[in-house]
Structures are given as C-alpha cells and as structure tokens.
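So you can see what is in the structure, the chains are spelled out below.
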Amino acid sequence: MSPFATFCLRMGDNALILGQRTGEWCGHAPVLEEDIAFANMGLDLIGQTQLWYGMVSDELGKSPDDLAFFRGEREFLNTLLVEQPNTDFAHALMRQYLFDAWHLPMLDGLTGSTNADVAALAEKSVKEVRYHIDRSRDLIVRLGDGSPESHDRMQAALDWLWPFTADLLARDAADDTLVAEGMIPAAAPVQQAFDWETAETFARATLTAPDGPRRTGGRTGNHSEHMGYLLAVMQSVPRAHPGAHW
Amino acid sequence: MYAQMVESGQAGTSDQDKAFQDKIDRNVRIEPRDWMPEGYRKTLIRQISQHAHSEIVGQLPEGNWITRAPSLQRKAILLAKVQDEAGHGLYLYCAAETLGVSRDELTEQLLSGKAKYSSIFNYPTLTWADVGMIGWLVDGAAIMNQVPLQRCSYGPYSRAMIRVCKEESFHQRQGFDIVRALVEGTEDQKAMAQDALNRWWWPAIMMFGPPDADSTHSEQSMKWGIKLNSNDELRQKFVDQTVPQAEWLGLTLPDPDLKWNEDRQSYDFGTPDWDEFFNVIKGNGICNRERLDARNKAWDDGAWFREGLMAHAEKTTKQNIAAE
Ligand SMILES: [Fe+2]
Ligand SMILES: [Fe+2]
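Those sequence lines, one after another, are chains F and R. Letter by letter, the first sequence follows residues 1 to 246 in the UniProt record's numbering. Letter by letter, the second sequence follows residues 1 to 324 in the UniProt record's numbering.
The hints are simulated quantities; they were obtained by calculation from the structure and are not laboratory data. Bear in mind the structure is a predicted one, so any value in this text is a computation, not a measurement. Among the hints, erroneous ones may be present.
[To be verified] On the chain F side, residues computed to face chain R include the following (Cβ under 7 Å):
{"no.": "1", "residue": "24"}
{"no.": "2", "residue": "27"}
{"no.": "3", "residue": "35"}
{"no.": "4", "residue": "36"}
{"no.": "5", "residue": "58"}
{"no.": "6", "residue": "61"}
{"no.": "7", "residue": "66"}
{"no.": "8", "residue": "146"}
{"no.": "9", "residue": "150"}
{"no.": "10", "residue": "238"}
{"no.": "11", "residue": "245"}
{"no.": "12", "residue": "246"}
[To be verified] Derived DEER-like restraints, expressed as beta-carbon distance ranges:
{"no.": "13", "chain 1": "F", "residue 1": "209", "chain 2": "R", "residue 2": "310", "range": "21 to 31 Å"}
{"no.": "14", "chain 1": "R", "residue 1": "38", "chain 2": "F", "residue 2": "208", "range": "52 to 62 Å"}
{"no.": "15", "chain 1": "F", "residue 1": "179", "chain 2": "R", "residue 2": "111", "range": "48 to 58 Å"}
{"no.": "16", "chain 1": "R", "residue 1": "170", "chain 2": "F", "residue 2": "123", "range": "50 to 60 Å"}
{"no.": "17", "chain 1": "F", "residue 1": "111", "chain 2": "R", "residue 2": "26", "range": "57 to 67 Å"}
All C-beta atoms in this analysis are idealised placements derived from N, C-alpha and C, irrespective of residue type, glycine included.
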C-alpha cells in the first residue's frame, strides 16, 4: 500500500471508529442536548470517513463500504484512543476532546497540503472539528472544575485515556515520505499545538495528565481487545449478506 | 398517534370561556400570555408532553441500529434522523414550558411511568428492515396527524409542528428508500422486508388510537382546535396512502380484509387487535420495560454530569460576585 493510501486509511479509520463509539450514545446520554450533540458529531465523523475512503478507493480497488465492512481488525489502522469503550460519559467526552486536540491541528496543517483534494477535504472537515473542540473543551473545563464527583470521573477518564495519545501523535516512514512531499504537516507543529491545547485546558479544568507508559499500536493494526467486538457489531449485517446492496 | 388517548379537560361556562371559544372559532391563535381555560392548558400539556416523550423514547428502537447500519450512507442518514427526533423532543418540551410546566417535571413523569408515550415504540426492532418500516410507516403515520396540527389553536405548538413536519417527511422518504433497496435486493433481503411489514403494519394502524366510537376524549379537544381530525379519519387516510406504496414495492399487507371500495373511493380494511393496543398502553408491550429502563438508566447514570455542570455554574457565579 502506498504511503498516501496508508495515511488516508488511518484518517478514515479514526473517523469511522470514533463515529461508531459516538453513535452508541444515541438515546442514552445524560441530557437531551448531549444526545443531539453526539449524533451530530457522529454524523460529521461518518461523513469524513466517506471522504477519506473515497480518496483511496481506486488505488485499493475497494469501495468505501467495502473498506468499512469487509476488513478485519488487523487491517484497521485507527489509533487505540478512538476504539476505547464508553465506560461512562466522562470517558466519551475525554476521548472526544483528546482526539479533537490532535485532529484540529492535523486538519489545519492539511489545509496547506500539496494535494489539492486533501486540502479541500481538510478545509471542509476543519470547520466541523473546530465546532467539536469548542464543545468538548468547554465540557472538560466545566466538569473537571465542577463537583468532586465530576472532577474524579474526568480525572479517571484522563488517566485511562492519556497513554493512548502517544498513538495519535506517532509517526513512521510512511508519514515521513508524505511530509517530504508537502502532503501532510510535519510532526512538530501538530505535537506542539496538541501540547499547548491540552496543557492550558487541563490547567483550567484542574486535571492532571498522568506520567507513565505510553501505548501505541493501532496505527499499525495492533489493536486493543475492544476492536474485534466493535467490528463484529458494526459489520454484522453486510457480512451476513455478502454482495447485497443496501 | 404520538399523543394517543389524551384525556381532555372540561370547558367552563363563564363569559371569559365564551370569549375564548369565540377566538378559537375565528381562528385566532392562542399565545402563552393570553388567558386560557385551565382545562385547555392542562389538556395541551398532556398532549404536547406525550408527543415530546414519544420523540425521546422513539430514539431507542432506531438507535438500536445505528451501530449496525449496513452502509456508511445509511448510518449517516440514521444518525441524522435520530438527531432530528431528539430535536423534536426539545422543541416540544419548550412548547410545553410556555404553559408553565418545566422539562424536569415532564421528564420525571416519563421516568416514573406516569406519563404516556406512543404505543408504537414498545415494539422491538429485530432486523435492519424494521428501521425502514419505522421511517416509512411510523413517520408516515406521524405526518398524517402532524400536518393538520400545524393549524392547531395554540401558537407555540403549531409553530413547533411546522418545523417538525418538514423533517418528518424527509424521514418517511428515507424509510421508504430503505425498504425499496431491500425489495430490489436478494431473496433474503426481500423476505426481511416482508417479515418486518408483517410485524409493523398493525401496530402502525393502531398508532391513530382507538376507534372514534370508543374515543371518549376527542370532542372537547376538537372544539378547542387542538385535535383537528378524528382517529378513524386519519387512519383511513393513512391506509389509502400506504396501500399503493406497498403494491409498488411488491409487498403484501398482512390484512385479508383489505380491498378497494368503489362506492367509498377508499380501502376497506380489517380490525386491529385492540386488546393488544390497550395492553401495550397499560405497560405490557414487548418493550415497555426495556424502554423505560433505558431512559431511567441514562438519567441516573448522567446525574453526576448534570450536578457537575451546576456546581461549575455556582462556582463561576460566586467568583463573578467576588470580583465585583
Ligand atoms: Fe419526530
Ligand atoms: Fe421522524
């Protein structure tokens, strides 16, 4: 697979798997406004998935739906962060915020891509993600600096999820090639923006990012055990009816 | 309908009551600050809140399939639809709030089982075809009722209905399109569609509420302009609209008594199992317990979230006062 296809799949898989987790909240969120917000974010993410998959559909000889529904867990290249389960609403919010804190500078950088299609895709998506992070940041601050229980739940979610941010920010040879071609932003500005964003927000939220081991692997298809179940649910209908149109 | 069997209050006999009725007869919209009879206000609260609760509980049977929608496009459309339904719930709670009842009070009534919501959402969604049936039949039936309510006598409710109806007709088209794709598909897909229709047809017919002859509460609501058509009228309209669509799809409606009546220029159709309907309304449907449990769990699990936001708001207010 070309470095470009690898990159597009990673972007698309992140959006799809996070969208899948987000969609699990429909009808079960703590207030009606959050039901609406989560459905809306899920909708944006599934739209972005279609765009990223569409970008590599020809090269890979697979339709966007084939990419979503007929690959196994070792073939998905999303980060470990997005597949983490909805342990509680604090985990869902923190997962979203950490993802947004990386996604925004990444897409922002991609708006300057030498590939015009990528730049256009990023231009469209960055508007959606700006809105996502405004919401998620605001809730992180209010709940972190809220009641003792909301603080403790947000801190527990951060403790659990923080190690996976290493997977968001990781780079490999495929990325280096694309950076050299001006196709994607270099690692440093994205990392820096992520660091600033999270440091400032966690200070306001009275939360502390933990030290300790970092986890990577999702970007190379080495997932957590949650991934197989997530795919089993998501892919069940198309796989039961191969060749069918929906 | 989304508000089935709403108990109607009594009209008074004072001059004020007469003037009020006169306004309604002249098609003057009633607005929140206008005087209104207590019976009118209470009946509207019951009707609007039942409708709102139906939108909220209605997220669950379809939400059940968001994680399993069989294509990216269908998943996106279903997310958008369920988002719309939650939005409908929100406008309707706002409309009810103009009558002096808070969203929290109404939520409490739903969660305790005191308030009703539409019987239709107590049936399970067992296959993907059920999502198509809900859009086609359930949203289709909802539109039948809600289009006339755009002209109802209470301003905030009628305006909420105008917004809601635009989205409902989109939902119906999308549901129909899901079913179309199935009947144009494999034998298994087609069988899935027919099976789902067999299960959803009668519950959809019953959405309009009991037959007019047994419908004790309608008359005063019709006088007040908050119910504009009788249950049987709307039911007939729905059948007449849906039969040709089913024929076009090549699906068979599960009613041996269904046939065109040349004299009436309408379809005759069979009698639903009203015992089943009243049993579901009483809380004994297949999913009544699951639906209420899911809503209660969401509410209870979210208590820390709501309390956390309140605590933050209090801190901010205190800081602002201290800074002044
Ligand atoms: Fe609705
Ligand atoms: Fe709808």
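The hints, checked one at a time:
1. 24: For residue 24/F, the interface hint holds, since the closest Cβ of chain R sits about 6 Å away, which is under 7 Å.
2. 27: holds, 4 Å
3. 35: At about 4 Å, which falls below the 7 Å cut-off, the nearest Cβ of chain R leaves the hint on residue 35/F intact, so it holds.
4. 36: Given a least distance of 5 Å, the restraint on residue 36/F holds.
5. 58: violated, 17 Å
6. 61: Interface hint status for residue 61/F: violated (18 Å vs cutoff 7 Å).
7. 66: At 10 Å from the nearest chain R Cβ, residue 66/F fails the 7 Å test, so the hint is violated.
8. 146: The hint holds - residue 146/F has a Cβ within 7 Å of chain R, the shortest such distance being about 3 Å.
9. 150: holds, 3 Å
10. 238: Check passed: Cβ of residue 238/F comes within 5 Å of chain R, closer than 7 Å.
11. 245: Holds, about 6 Å.
12. 246: Hint on residue 246/F: holds, closest Cβ of chain R at ~4 Å, below 7 Å.
13. 209/F to 310/R: 21 to 31 Å: holds, 26 Å
14. 38/R to 208/F: 52 to 62 Å: Holds: the Cβ-Cβ distance is about 56 Å, inside 52 to 62 Å.
15. 179/F to 111/R: 48 to 58 Å: Roughly 53 Å apart at Cβ, these two residues keep to the hinted range, so it holds.
16. 170/R to 123/F: 50 to 60 Å: violated, 27 Å
17. 111/F to 26/R: 57 to 67 Å: holds, 58 Å
When held up to the earlier numbered hints, the structure conflicts with 5, 6, 7, 16 and fits the remainder.
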